[in-house]
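Peer 1: In case you want the letters, here they are:
Protein chains: 2
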Amino acid sequence: MNNLSINNLVYSFGNGKADGQADMVNLLGGKGANLAEMTKLGLPVPSGFTITTEVCTHFYNNNKFPNHLDEEVKKAISRMESDMGMLFGDEENPLLVSVRSGARKSMPGMMETVLNLGLTTKTIPGLIHKTKNERFVYDAYRRLIMMYSDVVMEKSDGIDPKEEKGIRQQLEDILSIYKAKKRYQSDLDMKGNDWKYISTEFKNYIEKKLNKHFPDDPYEQLWGGIQAVFQSWSGARATHYRRIENIPNNWGTAVNVQAMVFGNTGEASATGVAFTRNPATGENKFYGEWLQNAQGEDVVAGVRTPHPLNEATRTKESKHLKSLESFMPKAYTQLNDIRTSLETHYSEMQDIEFTIENNFLWMLQTRTGKRTGVAAIQMAVDMVTDGMITKEEAISRINPEQIDDLLHPTLNKEEEKKAEVIARGLPAGPGGGIGQIVFTADEAEKQAMAGKKVILVREETSPEDVHGMHESEGILTAKGGMTSHAALVARGWGKCCIVGCSALNIDLSKKEITIDDKKLYEGDWISMNGSNGAVYKGKVALQTANPDSNKTYRQLMMWADKIRTLKIRTNADSPEDALQAIAFGAEGIGLCRTEHMFFDPQRVMIMRKMILAENDSSRRKFVMELLPYQRKDFVGILKAMDGKPATIRLLDPPLHEFLSLNSSQIKKLAAELNVITQKIKNRISELHEFNPMLGHRGCRLGIAYPEITEMQARAIFEATAELTVAGIEVFPEIMIPLVGTHTELKNQEALVRNIAEIVKKEQKTDFHYTVGTMIELPRACLTANEIAKNAEFFSFGTNDLTQTTYGFSRDDIGGFLPNYLNENILSHDPFQSLDQNGVGQLITMAVDKGRSVRKNLKIGICGEHGGDPASIDFCYRNGLDYVSCSPFRVPIARLAAAQAVIKKKRFDSNHN
Amino acid sequence: MNNLSINNLVYSFGNGKADGQADMVNLLGGKGANLAEMTKLGLPVPSGFTITTEVCTHFYNNNKFPNHLDEEVKKAISRMESDMGMLFGDEENPLLVSVRSGARKSMPGMMETVLNLGLTTKTIPGLIHKTKNERFVYDAYRRLIMMYSDVVMEKSDGIDPKEEKGIRQQLEDILSIYKAKKRYQSDLDMKGNDWKYISTEFKNYIEKKLNKHFPDDPYEQLWGGIQAVFQSWSGARATHYRRIENIPNNWGTAVNVQAMVFGNTGEASATGVAFTRNPATGENKFYGEWLQNAQGEDVVAGVRTPHPLNEATRTKESKHLKSLESFMPKAYTQLNDIRTSLETHYSEMQDIEFTIENNFLWMLQTRTGKRTGVAAIQMAVDMVTDGMITKEEAISRINPEQIDDLLHPTLNKEEEKKAEVIARGLPAGPGGGIGQIVFTADEAEKQAMAGKKVILVREETSPEDVHGMHESEGILTAKGGMTSHAALVARGWGKCCIVGCSALNIDLSKKEITIDDKKLYEGDWISMNGSNGAVYKGKVALQTANPDSNKTYRQLMMWADKIRTLKIRTNADSPEDALQAIAFGAEGIGLCRTEHMFFDPQRVMIMRKMILAENDSSRRKFVMELLPYQRKDFVGILKAMDGKPATIRLLDPPLHEFLSLNSSQIKKLAAELNVITQKIKNRISELHEFNPMLGHRGCRLGIAYPEITEMQARAIFEATAELTVAGIEVFPEIMIPLVGTHTELKNQEALVRNIAEIVKKEQKTDFHYTVGTMIELPRACLTANEIAKNAEFFSFGTNDLTQTTYGFSRDDIGGFLPNYLNENILSHDPFQSLDQNGVGQLITMAVDKGRSVRKNLKIGICGEHGGDPASIDFCYRNGLDYVSCSPFRVPIARLAAAQAVIKKKRFDSNHN
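Each protein sequence line maps, in turn, to chains A and B.
All letters in the first sequence, in the order written, are residues 1 to 912 by the numbering used here.
All letters in the second sequence, in the order written, are residues 1001 to 1912 by the numbering used here.
What you were told as hints is all true, and nothing was included just to trick you.
Pair ranges (Cβ atoms, derived): (1) D1848(B) with P601(A): 51 to 59 angstroms; (2) D507(A) with D1442(B): 29 to 37 angstroms; (3) K1510(B) with K667(A): 18 to 26 angstroms.
These are computed hints drawn from the structure, not numbers from a lab.
Glycine included, each C-beta is placed from N, C-alpha and C at the ideal position.
The shape of chain A in the complex, shown without the other chains (with noise of 0.2 angstroms):
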């Protein structure tokens, strides 16, 4: 980075001609490859330049520009003066310019521009001459002065201000009042001379102000741009964009500066901003907007409402607007002509910005543009039938993460805009959900059988708030990350939920919570969008999702299927979220965990009385009354699954979980246990662990109390043989949790195969089951050649394995997490995405010595990350059998396999 060489780190482009190119996205960032590629399609660009991203890590590295960058800049000056005919600075014909950012993901927003430059005292007199437009000249001096104070003068140490009332505001407010003097309705009433008086003023209040002098020299403000829109890279709206984007820092941005073209020099010109297809529904039609005698800042800003671009995409709104279509023609003509050459020529949906001078069209930019995920698809789908992309194409082009908006309600984005937000948390469950607040499971569960619908909002949800977490119609949480138990929980279901929200105060016995100054009670309405984390007050209106009734969507899931290799199974816990995730395209289930299945009030009981047990003999009797109930829970999964794979995990949770207990709870159990309150008090007190992630629980449970473990055996197996029996196909995988040791495994397999050849010769039936384990622990990665021996499957536990290797608590994380986010010091949860670099080493570890002591191990994942892409990529690169996620994850799942294997072989082609 130090040694950058003369001669590339300017790119010019205009006039046909152009240094860059599409494909230099990383060097020149998107705008400016794309600048650069319009040029040579000899579509009207004005001309520029593009000051390449390694100037910003040079700059940021070095705290300095690299040499010779000023020499080129001149350079590519020139070229720009000769090409547009103007002179930079020119007391005659003056260039004016923009510095825009440009990095390679867009950043809409996030980073600095500034206008007008080379507007100066000398400069001013010339323009107006030429152009005869005062007005018009002053107005852009003020906009200058307005821009560069607050972006180049202000924020020259490149930190926001945060307190106080930013410069560009108070100059703001100094219009406001001369235009309140001048009774004013509108900036449309400020003649040129308001426009030039004003400008002095500014310039005045800035020095007095800033106690710098407004520059009059347009290299000077020239530089002052650059360095500010690459100051902008590391601002604090940068950063946190960044952050949530996964964008590195180390990208930097590129800086674009270009001829300045206005679409407000009067009538006949305009400005205006389109997409080549419907942004929202994908629909195969030219949409956007324009405003007449206007700048681009006009348009985005609100201030005047947009006209339609064409007839075909006039709503009811909009009715009454002209559209660009009837009123300019020609340049509508012209324009659509563009796109199609730009579809044509980039084969994808373009979002693109242009400005009408006098009746000549200019094209500013081409950009792939945003759409909502049902019009990525019905694009994608689109562009295949009509040969412009290939299918695996079509496939690439769909962020996975997108689907989800086919498959939850959500909010009506249109009123979610205008509602007021409340606090914000960590979306962990998706969609949208309005209902009334309720602060128990209790009363959650009591007001939704009465017709009621409400959100339950917790500190943090236990497994004994399930029942009613299950009847609302959203979960809010104060404490917990994006994999606590009110995150994996709604998950599970779809259902819509935010976690660590820690802006809120409970008071659980005034029934109120407190958030700043502001309160809210039981029964008040609140709204969710648990995709972003936002909690409005009041009602918002929800949309329905139904994914199946869209015809490109089942297309494209359709050939997705076709391409990947890697199954996708569900975690599902009841037939419901099983038959659930199978209409969704789950091919098995990775995950059955049966503790949910103890939390049923009698089974609870059953439980507890098993755990109070004096000595062997009882506990093994209490532990048989679970008998029938887990029989009958796994003949549910099982048939559900019909003739699917099913991996069932054996007891995980430490069983103190099951003794949760508040006093009158332990009255009631000592007097049906008929023991005194004491003892059931000591054996919670007993069964207290500091660390119960880290203490008596999965296989351990299973090894000191045997009797467990045989239960549960004899649960499935039993359910194996009466299915088989009535002639329906079962493939049960038994699951061992939490194994560290070979000798762990073995101790469980034995009494698991024993309790298997038991239940054959008692019912005199055969049947099919494996035995297996879940991989969660580093030891269990480092011995996994050991573990191989005893184990039929392997299947990556990705939450805890994470927790143990970061040494990261799940439900503890939330009071640093956010920190290290903000820190870089993470790019991202770990629990979300998977560490590639730390917890994904002792993944191929385990993979590599699993199989190599037995070849043909099945190998699955079935933590949180199952369902994320970029760990489904990972996995698929690992040479895994199948991810298992949660139901609504599944199709998102479906397509990043088929994105795996696509993206594996493009690599390896551009690799041989």
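Based on these hints, arrange chain B on the given structure of chain A.
Peer 2: Just chain B now, kept in the frame of chain A:
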């Protein structure tokens, strides 16, 4: 194992010839190998043969003996018959044989023995005729019946009877009743007829009781005996012993069948055991005990008081008893010659058994003798002086754990034998402790101030108890494992401590302990043996320790220091601990924990204010109040080190450890801070974590609150500057804890280095320091190549690394570890001795990856394993630079480090 070829199942010895020899211990067991060796040396050994350990393993793997064993045994019996001039089962000149176990490593009394096999109704008359001693023959016969019915007939399923009285005891009862009826005082009164009668009684009783006929065929008896001995390998006692001694189950035992010789045929017969040197002191004198007219078991059983072997070892207690030297001078001289030849041959102190049958001396066993730590050192050094062994051999012979005997006061062994054991726990802190029971740290301190000796008894301890723990003679907890808080702190001080003593039910309100049906109250005296975990009622006398007064100890350690290459550092948090460790030979501090410094009342109050601070600036203000205290701490420690390096770890524990307050403390704090109590309660609840071990601690604190890191760095550097200016050499090494990503380290390293530069400027001095990190998370090992870029040293925190690699909370492991050890799921507690197979892989990886980017990376270990010999050996083999352990483990570590060098040298020379 299934392919054992003929001729290698049985190894004969006798008449000066033997198939085996001393170095075949693995195959023949210790006893068998040494019987063969003694035979070859020409010593008078009764003929016999050894069935190999491979037969045992075969027996357990296949549930039957190998083919041909029968044939080989018959051949070997023939050889014995010809050697001894007697015939097995012969009616006139019958050979009697013994069957004894013999494992690789001595397991005294853990397995079975059967004597006098071959006595049947057919052989008895012949033997009576030959010996002319009916009493002797029937006495031998009843002994056979008692042993055989117990060992072979009753325990034929290999399981020890638990609840019922065993058959042997029932036979003893019959004998007692008979003697009482006859008014006999002792067995000596029993005549030949009496024993004959009793033998018949016994056989009848056995037939009725066990429903089995007592075998009257010599070969049936022999095979029964052989099988019983093999089966006793998996008996409860033997299994338990192997677990404690870390003997693998798959070693198996050999079985020795040997011609019987009798020390009880009359006045010219005798039997005895002896050590070639004094096993308690190491003194170079022949030392042993003998009995006239007795069988070996009589000497051991303690029914008759054994006599001293010779005049030189006569004591006050034994001065009235005849020595073998004076009573059978010829036999004694022969024995004394054998002593010399055995020591010359083995170059090691031997533990021998002999029998004199009618004035003929027979050698029945020789093996390396067990010894105390003091004796071990004395003998080893003496043998070097005498040119018998090399210094390296001397060093290898000492079990490093035995050095512990020299370092701590211990309970008087004689008194301890007589004391009443009231409970047993885990031996967490070595040595002995006696005192009166107290239940709180405050009370401990108060009573100790008043001059009382106290034992602090708690459920578990926390940092708030440290002051009381320090003042106690011993610490006893009901919960916790070998690395619980109590154990760590106690070991650090070399204080007696027993943890996880689950039999204790502590009622704090009543100030009483219930153990089963017994009660103990505050003020009751108890005594503890922290080296074996026993708790005694009342006062047992203490013996003090002073290793430096032991010249041979000093000599041995000097040799060790010359050989070892690993440096030995200590874990010390105070100047006192540091000085103690230096006295024991420490070469630096490997871990100085700074958090313990914050629990002083004045400081903890500042910490609390800091934690409750409203914003960054007020938090910084409170943090800086701690600076002078911390600086003083570091001046003290660095000064004590006087030029030796000191690794100082920055704050590690979660903040809530400082806010563990009861309600009156909360009120007091609220008053001092002038805030409402609710605010404090809220903060406590905010800081609560579900799994604090995986929570907001370590460098995660320093990242969230950089002012803490800055204050600590400043304190260290100001202390460094002050001492440097004063002319004292100091080498502080700043250690960032709990790093999982290189970005964490980079963040903290920058803060620390920045402060160093500031302090250098402020103090106008230069000094040396390094910054490194604790490697205690799997992810740190996996990404050590990234982390090493910013680390000048690594120190493995193997406690935490073991916790996360296994997913075991060391505070909660007590719930299942005992079970895991019993079931052989774990061969040892991984917190005591490093799990080389799992955790070790991560360490090896981290060393390789770390040094791949920084060749001269200094690497040490500072977990509890730093004082464990096996772990030290691992550290040496993996190229670590040093190990760090608690002060009282330093001498052990020095020796173990020398042993590691010798072991590797021997291994390398064997493999080149």
